[in-house]
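Novice: Chain by chain, the residues run as shown.
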Amino acid sequence: MTTAIAPDKSTSTGSKKLVEMSWDPITRIVGSLGIYTKIDFEKKEVAECHSTSSIFRGYSIFMKGKDPRDAHFITSRICGICGDNHATCATYAQNMAFGIKPPAIAEWIVNLGEAAEYMFDHNIFQDNLVGVDFCEQMVKETNPSVWAKAQKTAAPHADIHKYRTIADIMTALNPFTGEFYREALSMSRMTREMFCLMEGRHVHPSTLYPGGVGTVPTVQLFTDYLVRLMKYVEFMKKVVPLHDDLFDFFYQALPGYEKVGQRRILLGCWGSFNNPDVCDYTYKNMGNWGKAMFVTPGVVVDGKLVTTDLIDIGLNIRILLGSSYYDDWEQEEMFVKQDPLGNPVDRRHPWNQTTIPRPQKRNFKDKYTWVMSPRWYDKRTQEHLALDTGGGPIARLWATALAGLVDIGYVKSTGQSVKIYLPKTMSLPEVEFEWKIPKWSNCIERDRARTYFQAYAAGCALHFIEKAMAELHAGNTKTWTDFKVPDEAIGCGFHEAVRGVLSHHVVIRNGKIANYHPYPPTPWNANPRDSYGTPGPYEDAVQNTPIFEENGPDKFKGIDIMRAVRSFDPCLPCGVHMYLGGGKVLETRHQPMFGAAAH
Amino acid sequence: MTESNVPYGRKTQRPSPVKEIHILWITAGLGCDGDSVSITAATQPSVEDVLLGAIPGLPKVHLHNPVLAYENGDEFMKFWYQADEGRLDPFVLVIEGSIPNEKIKAEGYWAALGTDKKTGQPITTCEWIDRLAPKALAVVACGTCATYGGIHAMEGNPTGCMGLADYLGWGWKSKAGLPIVNVPGCPVQPDNFMETLLYLLYQVAGLAPMIPLDDELRPKWLFGATVHDGCDRAGYYEQGDFTTEYGSPKCLVKIGCWGPVVNCNVPKRGWMAGIGGCPNVGGICIGCTMPGFPDKFMPFMDEPPGASVSTKAISIYGRTIRSLRSITNKTVNKEPKWRHPKPQLTTGYHPTSYTPS
Chain L
1117 MTTAIAPDKS TSTGSKKLVE MSWDPITRIV GSLGIYTKID FEKKEVAECH
1167 STSSIFRGYS IFMKGKDPRD AHFITSRICG ICGDNHATCA TYAQNMAFGI
1217 KPPAIAEWIV NLGEAAEYMF DHNIFQDNLV GVDFCEQMVK ETNPSVWAKA
1267 QKTAAPHADI HKYRTIADIM TALNPFTGEF YREALSMSRM TREMFCLMEG
1317 RHVHPSTLYP GGVGTVPTVQ LFTDYLVRLM KYVEFMKKVV PLHDDLFDFF
1367 YQALPGYEKV GQRRILLGCW GSFNNPDVCD YTYKNMGNWG KAMFVTPGVV
1417 VDGKLVTTDL IDIGLNIRIL LGSSYYDDWE QEEMFVKQDP LGNPVDRRHP
1467 WNQTTIPRPQ KRNFKDKYTW VMSPRWYDKR TQEHLALDTG GGPIARLWAT
1517 ALAGLVDIGY VKSTGQSVKI YLPKTMSLPE VEFEWKIPKW SNCIERDRAR
1567 TYFQAYAAGC ALHFIEKAMA ELHAGNTKTW TDFKVPDEAI GCGFHEAVRG
1617 VLSHHVVIRN GKIANYHPYP PTPWNANPRD SYGTPGPYED AVQNTPIFEE
1667 NGPDKFKGID IMRAVRSFDP CLPCGVHMYL GGGKVLETRH QPMFGAAAH
Chain A
161 MTESNVPYGR KTQRPSPVKE IHILWITAGL GCDGDSVSIT AATQPSVEDV
211 LLGAIPGLPK VHLHNPVLAY ENGDEFMKFW YQADEGRLDP FVLVIEGSIP
261 NEKIKAEGYW AALGTDKKTG QPITTCEWID RLAPKALAVV ACGTCATYGG
311 IHAMEGNPTG CMGLADYLGW GWKSKAGLPI VNVPGCPVQP DNFMETLLYL
361 LYQVAGLAPM IPLDDELRPK WLFGATVHDG CDRAGYYEQG DFTTEYGSPK
411 CLVKIGCWGP VVNCNVPKRG WMAGIGGCPN VGGICIGCTM PGFPDKFMPF
461 MDEPPGASVS TKAISIYGRT IRSLRSITNK TVNKEPKWRH PKPQLTTGYH
511 PTSYTPS
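Going down the list, the protein sequences come from chains L and A.
Position 332, counted from 1, in the first sequence is what this note's numbering calls 1448; the numbers after and before it change by one each time, with no gaps.
Position 307, counted from 1, in the second sequence is what this note's numbering calls 467; the numbers after and before it change by one each time, with no gaps.
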């Protein structure tokens, strides 16, 4: 079987021996993603990378003219693993546009549902999808010497998680047959039960509405959630040290591994878990209630926190057209010229976007993607920054740690780290975990942060359930606030989808949706070069990733590239395409057929 | 396995006449992968029950689903090419996502999987269906997008997408004589799908007759009843007790629930492990399993047009019944009068062998 046609053969540097390698589809993610690379096997690094996805659905088009109350039901269907994040974000935007504040207990119920989603989704992605890249079968096939070393390396926390060596952890991660793989899969079901208790159904919730929830708050509801939560807390007490052991081992076994998937620290987090004591969903107060979120919104550039103000964050979002199959909207209508505070709103802001698809042949020299390039405009430098989400957790923990605003008993931001305190469970005592700001934004640290954020979400859930039960015990069981849909309004919602920043931007006219643009995390992470020529985050991260795999071109599996890409938790139903590098191919090889038996 | 190393010398495992079977799962329709994610929640049976041979009598099952696969890229795609060449037999083809209309434009693609080696262009999902459907033992549409078009086939959509049976034809039969099997749901209820798959595997193994399907090609045992038939709030409906606010435990039809006319077993079965669902837990039924979804149910939060008549009619009967029942309810909430600590026995028994002195 051969690889695809070279994306660009017109130029060459004349000296490098580059080999084309492609993986299409990249599996164990949600959605369709293909990675086309050129690899320099002499230098052992990726010289060039194109990434492509191949689905267009057109939400922004078919939502026009629809009832704005339907937005959360519709947008949930954007994503099959974090659809509820979309539904939640859509209700946030509805609440703002309709001018409603839900009762506090509704907010706690939503927070409990969303916490369960993080606990579920990070868990299944980390240990059933990403984990396979670190399993015995994979490591044996890609780095036999690492496998040999793993067998001789004792796991530092074996007393807690019971896997004696690093090799034992890897074996436990083998798909379906591995003990920990199956335990994680089973745990992903229990956390989804927790989710269903609060939001009705996974992954497209049935009980979320503008104005609150349909969930009936009862003693039983919270008991059913709490007993499951405590089982998860016990599970995380083993999983955090297990992953620390595994990830630390990679740095130790493969010196230089920190370079895999590394890029400049440019992280965005739009905040998660609204605090009903502060949040009134008004645009004017958004800066304040954004700072009261239990995951702090923030933009982190080169390790420094630039802002935590959601108004600032929102206004500086820019959607650029790079190399995608759309016509520009420069000539189209401006829907929102000023925000409610009188600030000018840019033409390239999602409120003012018009989506005009133009399907055409894929041409890597011109247009080859359905995805646009979201950027964050940095006023200080006037740059359009290609922020990434690092798959979500690393950006959330980083922004929260630096902001120093969260302290709710079970989780605490220290200004340099995030501490997580978990209570006694059936067989394990109280523990304290500390996520410290890492030296790099790279593959391993994105993956490590994911595990810590699972524990963070569990800690938050313990706080939320106490708050929810206090409301219940006080007799505050009304979960919904009535409202009228205004004829004219604008709204925006900011949330953290599991894999990173999520914002919804709605314009209502004549009581109908006049414009609706959702911006999920994957377009931020996996976009192509924009109109300024700035490459997207995957491009930095994959290009110049060193190759540690021991296989040569003939048996190459690209495991280091796979790990780098998966560390961003790609979630492609929104469509992702990417182009990288200047085009420099000399030698085209067929992709080797691998003999691995199908499972 | 020889007789001697079988406990009690008795064989409990009957070999399947079909030794191995492949499941090729295309997620590259216009979808969200939510159905693939959903089936990882199934426990009746679970994916691992089926793959690891925990259900007796089944052939060895090889699953090729992009969300769960060990392999990447060509290593993963080789099964698709083998199936196309007739070298992967037998296989069941599962389609997830709605089928775009690639004929409505001059060039380009709406949905694709892999790249054509000759042209360098992506291979459209439609082309894969054209290649593989005729060679499959059975074709299953998983989720409402694949079955009937679903959310992406909403009015005003730019892709002209549709359900699999709209694409292949409603009378289409597989080479083994099976119609398309539709398991709708947005997303599909986890156990509904895995149970249907299990049925088909039983059928392949000769352990079950032809799968019973209704006119919309749904398994009859799953979609024969309405949401309302299985809803634990139907009692409120019967008594004409309707809420006008979300968050109430009462019947939701006046605030947008379409349960009385929607074929779906979710309130009865729950979403997973009996937990969750829609109207049973406070979510209006928006008809997500139905061929008419979503347009015929929008705007979702309005009372369905038919409900105003039916709720008026039921309210006359319902309120009367409710007040009568409330009287009876008060009665049965009281213990019989002979349960007391007084020195007299008033149960109706007249003792002859013991009396107070």
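Hints are computed from structural coordinates only; laboratory data are not their basis.
Since we're looking at a predicted model, the values are computed, not measured.
Glycine included, every Cβ here is placed at the ideal spot set by N, Cα and C.
A couple of the hints might just be wrong.
If you anchor each label on the Cβ, the simulated ranges turn out as follows [to be verified]:
hint, chain 1, residue 1, chain 2, residue 2, range
1, A, T506, L, G1525, 50 to 60 Å
2, A, K277, L, E1546, 51 to 61 Å
3, L, S1543, A, D244, 44 to 54 Å
Novice: Broken hints, numbered, in rising order?
Specialist: none
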